[in-house]
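Could you put the whole structure together from the sequences, leaning on the hints where they help?
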Amino acid sequence: MQLNRRQVLRSAGALSVGATLAACGFTKSADTAASGSGGAGTGDLTFTTWGTDSELAGFNTAIAAFEKANPGAKVALNAVPFQQMFSNIDAQLQANQAPDVFRVDYDNLGTYAGRGQLLDLTGKIDATAGDAFTDAMWQAVQYDGKPYGMPHHTDTSAILYNKAAFTAAGITSVPTTVETAWTWEEFEAVAVKLQKSLPAKQYPFAYNWQGQGVTRWLSWLFQADGRFLTEDLTAPAIDSDAGRAAIDFTKSFFTKKYVPQNSSMKSSTYASDLFFSETVAMVFGGAFLLPDAAKLAKFEWGATYSPRNKRGGGDLGGNALVATAGTQRGDVAAKFLQFMTQQQTMKDFCVTASLLPTRKDLITSGLAFAARPELSPIFLGQATTVQPSDAKQVASKNMAKINTVIGDQLEQAFIGGQSTEDTIAGLTAGIKTALAQ
Amino acid sequence: MTLTDSLQQRSQADRPVKRVKAPSGGRNRRVREAASGYAFLLPSLVLLGLFLFLPLVWALFLSFQKTDGFGTNTWVGLANYRRLLSDPVFWRSTVNTALFTVIVVPVSMALGLGAAVLMNTVLPARGLFRTVIVLPMVISGVATALIGVLVFDQNNGIANKFLGAVGLDGVPWQSTGFGAFTSVVLVTLWWRIGFNMIIYLAGLQGISPDLYESAKLEGAGGWQQFRYITWPMVGPSTFFLMIMNVIYSFQVFDLVFVLTKGGPGNSTSVLVTYAYDNGFGDARDQGYAAAIGMFLLVVTSVFTVIQWRASRTRDLVD
Chain F
0 MQLNRRQVLR SAGALSVGAT LAACGFTKSA DTAASGSGGA GTGDLTFTTW
50 GTDSELAGFN TAIAAFEKAN PGAKVALNAV PFQQMFSNID AQLQANQAPD
100 VFRVDYDNLG TYAGRGQLLD LTGKIDATAG DAFTDAMWQA VQYDGKPYGM
150 PHHTDTSAIL YNKAAFTAAG ITSVPTTVET AWTWEEFEAV AVKLQKSLPA
200 KQYPFAYNWQ GQGVTRWLSW LFQADGRFLT EDLTAPAIDS DAGRAAIDFT
250 KSFFTKKYVP QNSSMKSSTY ASDLFFSETV AMVFGGAFLL PDAAKLAKFE
300 WGATYSPRNK RGGGDLGGNA LVATAGTQRG DVAAKFLQFM TQQQTMKDFC
350 VTASLLPTRK DLITSGLAFA ARPELSPIFL GQATTVQPSD AKQVASKNMA
400 KINTVIGDQL EQAFIGGQST EDTIAGLTAG IKTALAQ
Chain H
0 MTLTDSLQQR SQADRPVKRV KAPSGGRNRR VREAASGYAF LLPSLVLLGL
50 FLFLPLVWAL FLSFQKTDGF GTNTWVGLAN YRRLLSDPVF WRSTVNTALF
100 TVIVVPVSMA LGLGAAVLMN TVLPARGLFR TVIVLPMVIS GVATALIGVL
150 VFDQNNGIAN KFLGAVGLDG VPWQSTGFGA FTSVVLVTLW WRIGFNMIIY
200 LAGLQGISPD LYESAKLEGA GGWQQFRYIT WPMVGPSTFF LMIMNVIYSF
250 QVFDLVFVLT KGGPGNSTSV LVTYAYDNGF GDARDQGYAA AIGMFLLVVT
300 SVFTVIQWRA SRTRDLVD
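Chains as they are written, first to last, in numbering that gives the first Met the number 0: chain F, 0 to 436; chain H, 0 to 317.
You may find that some hints are simply not true.
When the alpha-carbon atoms are kept at most 35 Å apart in a straight line, the in silico DSBU-like pairs for lysine-lysine are as follows [claimed, not checked]: (1) H:LYS160 with F:LYS200; (2) F:LYS294 with H:LYS65; (3) F:LYS250 with H:LYS215; (4) H:LYS160 with F:LYS297; (5) F:LYS195 with F:LYS162; (6) H:LYS260 with F:LYS297; (7) F:LYS396 with H:LYS260; (8) H:LYS160 with F:LYS195; (9) F:LYS162 with H:LYS260; (10) H:LYS65 with F:LYS192; (11) H:LYS65 with F:LYS391; (12) H:LYS160 with F:LYS250; (13) H:LYS65 with F:LYS162; (14) F:LYS195 with H:LYS260; (15) F:LYS256 with H:LYS260; (16) F:LYS200 with H:LYS260; (17) H:LYS160 with F:LYS145; (18) F:LYS431 with H:LYS65; (19) F:LYS195 with F:LYS250; (20) F:LYS431 with H:LYS260; (21) F:LYS255 with H:LYS260; (22) F:LYS123 with H:LYS65; (23) H:LYS65 with F:LYS396; (24) H:LYS160 with F:LYS67; (25) H:LYS160 with F:LYS255; (26) F:LYS256 with H:LYS160; (27) F:LYS391 with H:LYS260; (28) F:LYS294 with H:LYS260.
Quick list of simulated restraints, FRET-style, between CB atoms [said to hold, decoys possible]: (29) F:ASP240 with H:VAL304: 53 to 59 Å; (30) H:ASP86 with F:ASP224: 31 to 37 Å; (31) F:ALA75 with H:LEU49: 24 to 30 Å; (32) H:PHE177 with F:GLN211: 23 to 29 Å; (33) F:GLY169 with H:ALA142: 40 to 46 Å; (34) F:GLN83 with H:ASP86: 24 to 30 Å; (35) F:GLN341 with H:LEU98: 33 to 39 Å; (36) H:ASP86 with F:ASP247: 47 to 53 Å; (37) H:PRO42 with F:ASN95: 24 to 30 Å; (38) H:VAL304 with F:ASP330: 56 to 62 Å; (39) H:ALA201 with F:GLN83: 35 to 41 Å; (40) F:GLN341 with H:VAL94: 51 to 57 Å.
To be clear, the hints were calculated from the coordinates, so they are not data collected in a lab. Since the structure is predicted, the reported quantities are computational estimates derived from the model, not experimental observations. Glycine residues also receive a C-beta, built at the ideal position from the N, C-alpha and C atoms.
See the structure below:
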């Protein structure tokens, strides 16, 4: 067949428009029709997560076990970088292209549940499923009294310390139980001793509130027995003696130069890197840091508990697994979530990825991380300081917006010289606005 | 021939030739030709429409809405724009963006021109120098910023180690607003000089050597040659670079986002990082982010129009 110039042009034009539209997602390709969440009937469950290599290996092992235990069920794992995880999920939810199941941190869970984006698991999981988890962790997946996810694992910060720096400063022992953790005064005394013995340009410690770690500041507030939201979660409660004490104490880290000046919340330098490079003698970090520390810290190091004040307190780290409200396979998704939080599945995942379990039975029986197993009890013990009332506030509907307020205000207090009173006022006003949205 | 005759003849010559009536079927041919023209344009128009005009109009609509990040939007009229007026971080970001532009545009152009003049002479190993200066251009903004993080780390960075080695105190690059802003400017300059140099080099190579020869014969010195020949002759390059650099500076994002995250405090927050934080950060406030984007669009458009009107002849060199 012979084609003239015009016919070629017309065909090329039609092809290019078609290709462009297909590339933009205006037409559904056979692939997406078969595997997208909108295409019911294939039984494939889509699961989006981010993760370290060991976490992804843990997920793959668990998925293989789930598929074996449920013939015919298939789970497609989609691993994405953490930085893009939630902007991707938000866009997919807007476009009705969300996965059936995704991984979410407890700070963000309330944001999704409160806006009707998650599947209410009531009636889809065993009525007694919640009994297996600690009260705090089961509270962390509740919204409006209903479970919207399963607490997959947690993590909370303890202290890693440089043994040589401690010996040089004359610090010969560290607390060995969570009950005898340093009080704030004792912790400050340790910092002062280190400051005196360390060479110039080295600092006593760094706190891990950089990056997405703003919520970790709340540990100090909880240790002072404070709250940032009222009991019914409808108003700010930071304007209190506990709030002032927590701000004053953490501000003093910068004014007294206990921490490097470039370790505030917006810093691009992570606390753990400052520890590995021996710029600081102590660092606050979760159990997930242990494999990295074992590889990167070229010196002897140990771990101890985070300080306590009126009570012990820790950050609610870790993640839940949730199903989306729009999933066509809610029952399979709920089954998958329950499977992923069974005793053996959770134990295997936590041991491999160096994370803390959320199940009571695993906390009681204990587990040993692959890296530095002897330190596991410290992190397990630290996790017991997280109380259900702390978890309830952190998992509230507007936590993500409150995080922005806390980050902005504390950055001003730590680096901008903003007074404690102005910070309390700024936090109160900001939290009030966030709650109203 | 008188002057009037001459003008009359010229005016007749300038008059358009009377159109010859098209043969039968000519109209159809013209329509077909026009259709072919549009067919050629179509792929570009579709792409521009989908990825430029549609998002632009969409963003305008979004800027009048209150959003929750999940598609449940409510119309709030000008509320987002009113919020801009009373938002101190927005104004801080605007001032930072303007300051960044005022510093980076002239300095990067001056250094680019200086480098181009050097590279246009018989500098030894100039191929090597050209490559070194242009190299940052081929590195992505994020990678450039990561290199910046290594250089300007306050405790262990190369810059402070170097200053320490020569007996100077380190600069607080990450914990003071001035230090952080300076680090962003320095990394930007390193990144942008190569592009400016390339454009200026092309401009310089288009200048006839005769002009310099004549100037030398007339006794012009090096500075005079630069001032009265080089500078006017690279006018079109300067005009082009001015527009490109100002637009780039108003849109700066990746370097700031990776290098300082807008901190410490809000001392390096710029309009695009602030819009990003609002739209895609924890706040999920895409309506407000769109309003910031619209403000940026208006400012950039106004600047471009003013610059274009003020310098419309600058792209012509006699």
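Query - Straight-line alpha-carbon gap LYS160 of chain H to LYS200 of chain F, limit 35 Å - result: OK: LYS160 of chain H and LYS200 of chain F at ~12 Å, within 35 Å.
Query - Straight-line alpha-carbon gap LYS160 of chain H to LYS145 of chain F, limit 35 Å - result: violated (55 Å)
Query raised in the report: Is the hinted range of 56 to 62 Å satisfied by the C-beta distance from VAL304 of chain H to ASP330 of chain F?
Result: holds (60 Å)
Query raised in the report: Quick one, are LYS160 of chain H and LYS255 of chain F close enough, alpha carbons at most 35 Å?
Result: Holds, at roughly 24 Å.
Query raised in the report: Straight-line Cα separation of LYS160 of chain H and LYS297 of chain F no greater than 35 Å?
Result: holds (21 Å)
Report task. Take a quick look at whether LYS431 of chain F and LYS65 of chain H sit within 35 Å of each other, Cα to Cα. Result -> holds (17 Å)
**Report entry** Hint consistency between LYS256 of chain F and LYS260 of chain H [alpha-carbon to alpha-carbon, up to 35 Å]
**Finding:** holds (22 Å)
Query raised in the report: Does LYS260 of chain H lie within 35 Å of LYS200 of chain F when you go C-alpha to C-alpha?
Result: holds (24 Å)
**Report entry** Distance restraint hint 35 to 41 Å, applied to the beta-carbon atoms of ALA201 of chain H and GLN83 of chain F
**Finding:** holds (38 Å)
Requested in this report: Below or equal to 35 Å on CA atoms is what counts here, so check LYS123 of chain F against LYS65 of chain H.
Outcome: holds (34 Å)
Query raised in the report: Straight-line Cα separation of LYS65 of chain H and LYS162 of chain F no greater than 35 Å?
Result: This hinted pair is violated, its Cα atoms lying about 53 Å apart.
**Report entry** Supplied distance hint 51 to 57 Å, evaluated on CB atoms of GLN341 of chain F and VAL94 of chain H
**Finding:** holds (56 Å)
Against the hints set out earlier in the document, violations occur for numbers 2, 3, 10, 13, 17, 24, 35, 36.
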